[in-house]
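Enquirer: The letter at position 32 of the sequence shown is residue 32 when you use the working numbering, and the numbering goes up by one with no holes.
By construction, these hints were calculated from the structure, which means they are not laboratory data.
Treat the hints with caution; some may be incorrect.
[Claimed, not checked] Each pair of labels, with its calculated beta carbon distance range:
| hint | residue 1 | residue 2 | range |
| --- | --- | --- | --- |
| 1 | Phe9 | Leu263 | 33 to 41 Å |
| 2 | Arg7 | Gly241 | 33 to 41 Å |
| 3 | Arg194 | Arg165 | 26 to 34 Å |
| 4 | Ser176 | Arg138 | 50 to 58 Å |
| 5 | Pro118 | Glu274 | 14 to 22 Å |
Think of the CB as a built atom: it goes at the ideal place given N, C-alpha and C, for glycine as much as any other residue.
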Amino acid sequence: MNAIYLRAFGGVEQLVDGLQPRPVAAPGEVLVEVEASGINLADTYIRRGAFPIEESLPFIPGMEGVGRILALGEGVGGLRVGERVVFAAPGSYGAYVTIPLQGAAPWISLAPAPEGLPLAELASLGMAGRTAWGLVNRFVTGGGKALVYAGAGGVGSILIQLLRRRGIEVVAMAGSPHKAQAVRALGARAVEYRRQPLEEGGFDYIFNGVGGASLARDVARLAPQGHLIWFGFAEEAGAPGLPEALQAHFMAAPSLHLFNGGLMSTAQNRAAYEELIGGLEEGWLRIQIGALYGPEQIGEAHRHLESGQSQGKLVLMRSRT
Numbered sequence: 001m002n003a004i005y006l007r008a009f010g011g012v013e014q015l016v017d018g019l020q021p022r023p024v025a026a027p028g029e030v031l032v033e034v035e036a037s038g039i040n041l042a043d044t045y046i047r048r049g050a051f052p053i054e055e056s057l058p059f060i061p062g063m064e065g066v067g068r069i070l071a072l073g074e075g076v077g078g079l080r081v082g083e084r085v086v087f088a089a090p091g092s093y094g095a096y097v098t099i100p101l102q103g104a105a106p107w108i109s110l111a112p113a114p115e116g117l118p119l120a121e122l123a124s125l126g127m128a129g130r131t132a133w134g135l136v137n138r139f140v141t142g143g144g145k146a147l148v149y150a151g152a153g154g155v156g157s158i159l160i161q162l163l164r165r166r167g168i169e170v171v172a173m174a175g176s177p178h179k180a181q182a183v184r185a186l187g188a189r190a191v192e193y194r195r196q197p198l199e200e201g202g203f204d205y206i207f208n209g210v211g212g213a214s215l216a217r218d219v220a221r222l223a224p225q226g227h228l229i230w231f232g233f234a235e236e237a238g239a240p241g242l243p244e245a246l247q248a249h250f251m252a253a254p255s256l257h258l259f260n261g262g263l264m265s266t267a268q269n270r271a272a273y274e275e276l277i278g279g280l281e282e283g284w285l286r287i288q289i290g291a292l293y294g295p296e297q298i299g300e301a302h303r304h305l306e307s308g309q310s311q312g313k314l315v316l317m318r319s320r321t
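Please build the complete structure, drawing on both the sequences and the hints.
Expert: Encoded structure:
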């Protein structure tokens with residue numbers, strides 16, 4: 001079957017179609033036929049060569065998805081052939097992915113998924129969902145007020161719902177009236193930052209996946225002993241003015257945290273999948289799907305994501321059932 005390969009680092013033209021032979025599940029591995037893959041902003045960083053990775057070119061990108069188990073390697077128990085699973089693993093833009101259950105990077109994980117839930121929503125749990133879950137469960141220890149960047153995005157929209165479920169008042173940044181409407185539907189107050197500056201402060205938690213100069217501005221928005229959590233760099237990798245801002249607000253005792261969801265433990269991954277899948281089944285969690293793409297549209301999907309105009313989760317579909 002065919003897969004999407006990255007043949008060289010660069011623009012979307014480097015994402016090409018190619019044949020992927022069916023792999024063999026080695027001992028301790030699960031072979032999954034991919035039905036849908038989440039498309040993440042980090043995928044565009046990898047495509048451009050901005051992320052350190054171990055794979056040699058050409059390789060199959062992608063980091064999360066949903067599919068059915070085709071084969072179980074020797075020593076794998078607790079799963080069965082034909083079972084649907086959600087997963088986080090490299091190569092989800094492929095037709096197949098092999099997932100090691102032991103000895104792999106902490107972020108590589110899978111969990112059984114019930115029948116009847118939408119594939120696009122399940123495909124969004126491995127990275128976007130786990131990241132949002134990790135942010136909440138690592139840093140939120142009580143009530144209070146939180147600011148969420150990119151509230152209408154894949155991570156942000158899930159993060160809002162998890163925070164609200166824990167009784168947190170949420171203010172979310174939105175880049176357009178349409179995105180602001182989506183944020184409000186999730187129970188957050190929206191700030192259209194392109195039309196009005198955010199002058200509000202007193203935040204106990206700020207979840208910033210943008211980076212850049214916004215981090216220094218956020219220090220002043222924190223309540224005393226507030227937490228600034230930096231988990232991405234959609235704007236830029238640097239943080240100009242951040243050391244000076246922390247020094248200027250020293251007496252308020254702000255805390256700066258760096259978060260990498262790839263370091264979550266096996267137990268944390270298991271708990272994340274349990275709550276997220278349970279939320280979909282119970283109806284309190286809604287994954288906002290922005291657009292569905294076929295494999296031949298992957299370049300269009302990356303361009304849309306990089307434009308900053310996308311809303312919700314973008315998903316690469318191999319199956320429509």
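Enquirer: Using the C-beta atoms of Ser176 and Arg138, is the stated range 50 to 58 Å upheld?
Expert: violated, 30 Å
Enquirer: I want to verify a distance hint. Is the separation of the beta carbons of Arg194 and Arg165 within 26 to 34 Å?
Expert: Between Arg194 and Arg165, where Cβ atoms are some 29 Å apart, the hint holds.
Enquirer: Against the range 14 to 22 Å, how does the distance between the Cβ atoms of Pro118 and Glu274 compare: consistent or not?
Expert: holds, 19 Å
Enquirer: Range hint 33 to 41 Å: satisfied by the CB atoms of Arg7 and Gly241?
Expert: holds, 39 Å
Enquirer: Between Phe9 and Leu263, does the beta-carbon spacing fit 33 to 41 Å?
Expert: Since Phe9 and Leu263 have Cβ atoms about 25 Å apart, the given range 33 to 41 Å is violated.
Violated hints, in rising order: 1 and 4; the structure is consistent with all others.
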